[in-house]
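Throw the hints in and build the complete structure from the sequences for me.
Residue numbers (the numbering used here), protein chains in the order written: chain A, 1 to 113; chain C, 1 to 395; chain E, 1 to 326.
Quick caveat, the hints were computed from the structure, so don't treat them as lab data. Ideal placement from N, C-alpha and C gives every residue a C-beta, glycine not left out. Careful: at least some of the hints might be erroneous.
What the hints assert, rightly or not - Label pairs and their in silico Cβ distance ranges:
(1) E:Pro47 with C:Ser376: 41 to 51 Å
(2) A:Leu102 with E:Leu274: 44 to 54 Å
(3) E:Leu274 with C:Asp34: 26 to 36 Å
(4) A:Lys107 with E:Glu67: 34 to 44 Å
(5) E:Glu67 with C:Ile35: 24 to 34 Å
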Amino acid sequence: MKTPGKMLPKIMGFIFRKPVTVRYPKERLTPPATLRGKMKFHLDRCISCGLCARDCPSGACTMHEIEAKKRPVFDLDYCTFCAQCAESCPKDAIEMTAEFELAHYKKGEAIVK
Amino acid sequence: MAHVKLPIGPQHPALKEPENFTITLDGERVVDVDIRIGYTHRGIEKLMETRTYTQNLYLVERICGICSYAHVENFTQNVEEILGLQIPKRAEYIRTLFLELERLHSHFLWLGVAGHEIGFDTLFMYTWQDREVVQDLLEMISGNRVNYAMNAIGGVRRDVSQEHRKKVLEGMDYLEKRAEFYKNIALNEKTILARAQNVGILKPQVALRLAAVGPTARASGISVDIRKDDPYASYLDTPFEVITTDTNDVLGRVVVRVLEIVESIKIIRYLMEHLPEGDILKKAPRKVPEGESISHTEAPRGEDFHYLHSNGTEKPERYKVRTPTLANLPATAEMLKGTYLADVPIIVAAIDPCMGCMDRVLILKNGQEKPGELISGEKLRRYGIKWYAERGWDA
Amino acid sequence: MGRIDFLLSIVYLLLFPGFLFLFAFSLFAEYLDRKIYARIQRRVGPPFLQPFADLVKLSAKEDIVPEKAEHFMFTAAPIIGLAAIFAAFLYLPIVSTTGLHSFNGDLVVVLYLLTIPTLAMFLGGWYSGNVFGQKGGMRVASLLFSYEIPFFLALLTPALLQGSWKMADITRFEAAHPLEFIVSLLGFFIGLIALQGKLERLPFDIPEAETEIVAGPLVEYSGRRLALFRLARDAEMVVGAGLIAVVFLAGPEPILPLEPVYLSWLVAALVFLLKTLFVIFLLILLKSAVARIRTDQMISFAYQWLIPLTLVQIFIAIIVRFFGGI
Chain A
1 MKTPGKMLPK
11 IMGFIFRKPV
21 TVRYPKERLT
31 PPATLRGKMK
41 FHLDRCISCG
51 LCARDCPSGA
61 CTMHEIEAKK
71 RPVFDLDYCT
81 FCAQCAESCP
91 KDAIEMTAEF
101 ELAHYKKGEA
111 IVK
Chain C
1 MAHVKLPIGP
11 QHPALKEPEN
21 FTITLDGERV
31 VDVDIRIGYT
41 HRGIEKLMET
51 RTYTQNLYLV
61 ERICGICSYA
71 HVENFTQNVE
81 EILGLQIPKR
91 AEYIRTLFLE
101 LERLHSHFLW
111 LGVAGHEIGF
121 DTLFMYTWQD
131 REVVQDLLEM
141 ISGNRVNYAM
151 NAIGGVRRDV
161 SQEHRKKVLE
171 GMDYLEKRAE
181 FYKNIALNEK
191 TILARAQNVG
201 ILKPQVALRL
211 AAVGPTARAS
221 GISVDIRKDD
231 PYASYLDTPF
241 EVITTDTNDV
251 LGRVVVRVLE
261 IVESIKIIRY
271 LMEHLPEGDI
281 LKKAPRKVPE
291 GESISHTEAP
301 RGEDFHYLHS
311 NGTEKPERYK
321 VRTPTLANLP
331 ATAEMLKGTY
341 LADVPIIVAA
351 IDPCMGCMDR
361 VLILKNGQEK
371 PGELISGEKL
381 RRYGIKWYAE
391 RGWDA
Chain E
1 MGRIDFLLSI
11 VYLLLFPGFL
21 FLFAFSLFAE
31 YLDRKIYARI
41 QRRVGPPFLQ
51 PFADLVKLSA
61 KEDIVPEKAE
71 HFMFTAAPII
81 GLAAIFAAFL
91 YLPIVSTTGL
101 HSFNGDLVVV
111 LYLLTIPTLA
121 MFLGGWYSGN
131 VFGQKGGMRV
141 ASLLFSYEIP
151 FFLALLTPAL
161 LQGSWKMADI
171 TRFEAAHPLE
181 FIVSLLGFFI
191 GLIALQGKLE
201 RLPFDIPEAE
211 TEIVAGPLVE
221 YSGRRLALFR
231 LARDAEMVVG
241 AGLIAVVFLA
251 GPEPILPLEP
261 VYLSWLVAAL
271 VFLLKTLFVI
281 FLLILLKSAV
291 ARIRTDQMIS
301 FAYQWLIPLT
311 LVQIFIAIIV
321 RFFGGI
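Okay, structure coming up:
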């Protein structure tokens, strides 16, 4: 006869072991280096082609004229972190870092120039 | 006792996403079901017409969180077919790897959700902890846990290194042991059998007539799997079995999904051991010539079907998506008739509903050209309140 | 002497081991329940004061009575439930082998008083004016028909073995003959399962099945009334487990007699606590290993398995009593 409670032996083993919860923010997990987080923009490599702004799916990357040079400005409120801009750039001027703790309080606060 | 009309949804703890099942009850037995959908319609197909193909890659991904990669795969296959592009072999293998990893994480998620629906929270917690292994692998290779953004038109964007291969194989060893454990529990735990056996019966002829897809149909003995019937990516090369059972009930669907986990692990092992060398991306032109294309893949829930009509510019003319949950809904209505009220959540959960995927607009014109009416948000809200009040559900 | 007795009775009633003790013990039992359940699932679980914090928070929230509800019964239901449990607790032997009073038949009185919280939940659901509440109430009533019989019969087995309905005599008998436990082992397990059914915990929590009927009979309760219902449920677990500990495991009597005798009330209370906690631990293990079963499956389980096994147990007890020469 099949009795209920098949899991009981397995369960007993877990009662006194440490839980798997990571108690953020006291303990943190390190994400892999390939995580698509906040982008880093190298101004010296930019050639103002505008391909990044053309390919951005959410309109986060827009071209602005600052100090007589056209360059992209990234608004993190709209960014989906897809890294298409990094791929479209012919000069590798955009690089995705693994920084992901980007919560902020006011809209329009997080801009990468 | 008189028939009571009970609305399950749109907000209900049993449902993960909003939909409305109006069930007519006679005591504890369900007599009739009326389904209303459309609560999460987002207008994705219209949005796709306003964006270029490169931008659409990321929009298509977000049709669903759990089966996102199947949608992207369909989209890129459609565009590549119109362009006449043949992607490199290594890219095909990497795409298949992601398709199978997604199937793994979706089935583990479903096991947990099904456990939660029948009150078995311990199973829920255990399966979701094992799912974290898969999520870590996905994050390591693609950079994100869901919505992997791996595909580009013409191949994939990121490569799988030797280090990644080693980690994937280690992960698979661990998951294989866990899958054995869950198979044991699903087949032998008396309380699960009591809730899942002979519940939600779907006879094979009815399943064929109502066009059920995915594990819902495979549990009724119908061997329909797009990976075998119409192979895409690298499914022609990899050996695997199509799992069917013939119990026609919820237990069959549980068994099909657990065994599919085992099959996916086998496929991933094969892919990792036989990964060919070469390029991963072939550059594709931005403008796509005029043409039509269809593509279908086996998402974790069933057959996912996409249609693309391009017109020679950078933006598509029309894109249509038909997700597996929509195909399974008429079968669900049939399954729900004649069962107990207590079984309704588990039967709905057994088809693995993904309502967010499913909602699309269908305009029925009755053969006449009637101009549509444009109403404001406020008018729509008042119409909704009046509609519910008429049915006596203003509680 | 009369006044000191009177004062001692008041202390017993209100502080220890009366209302305050029951209150604290039920909160502690709820904490243990949630913590061990979480650790089994490899989660962290709530901190120690969580159940108390929940009660305080609920009492501070707005208490709404829906328009369609019957105001008097809606308010009275949780109060009746809690009062019945408190009354039952007074008869349990905690600091000595007698409770506040002890008389022949107090076991039966406690069993009857323990039925009232279930009825109170049914009334609360029925008078809440919500179709989900009424369905939940009906499910509670069907449970009542299935689990009272095995529970009563299983707990009457040690009374049969000993020959009286007085809990004081039963505990003394169990302490004097510890091997009697083996004879009533089957009754112990049936009592545990039936208690799980009475308390409406997994696998028998169909009235309060969150995923189907949205909290069942408690669906329209909020604020103070909900706090009272939750306290009643925790207290029911303590009293039920305490009753099983008293009847099967010899309650507050330690296995070996201990000196010094003037601290015997403290030792007795500790022993009672430990035995009740052991029973609660078994209930928690049962809760985490199984899924929820349907109403009709529960009723057929009770009538096909529990009741026949209980009858077997009673038969064994009768044989041992009359042929074992005890």
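Checklist entry - Honestly, which of those hints from before does the structure not fit? => result Violated hint (a single one): 3; every other hint is consistent with the structure.
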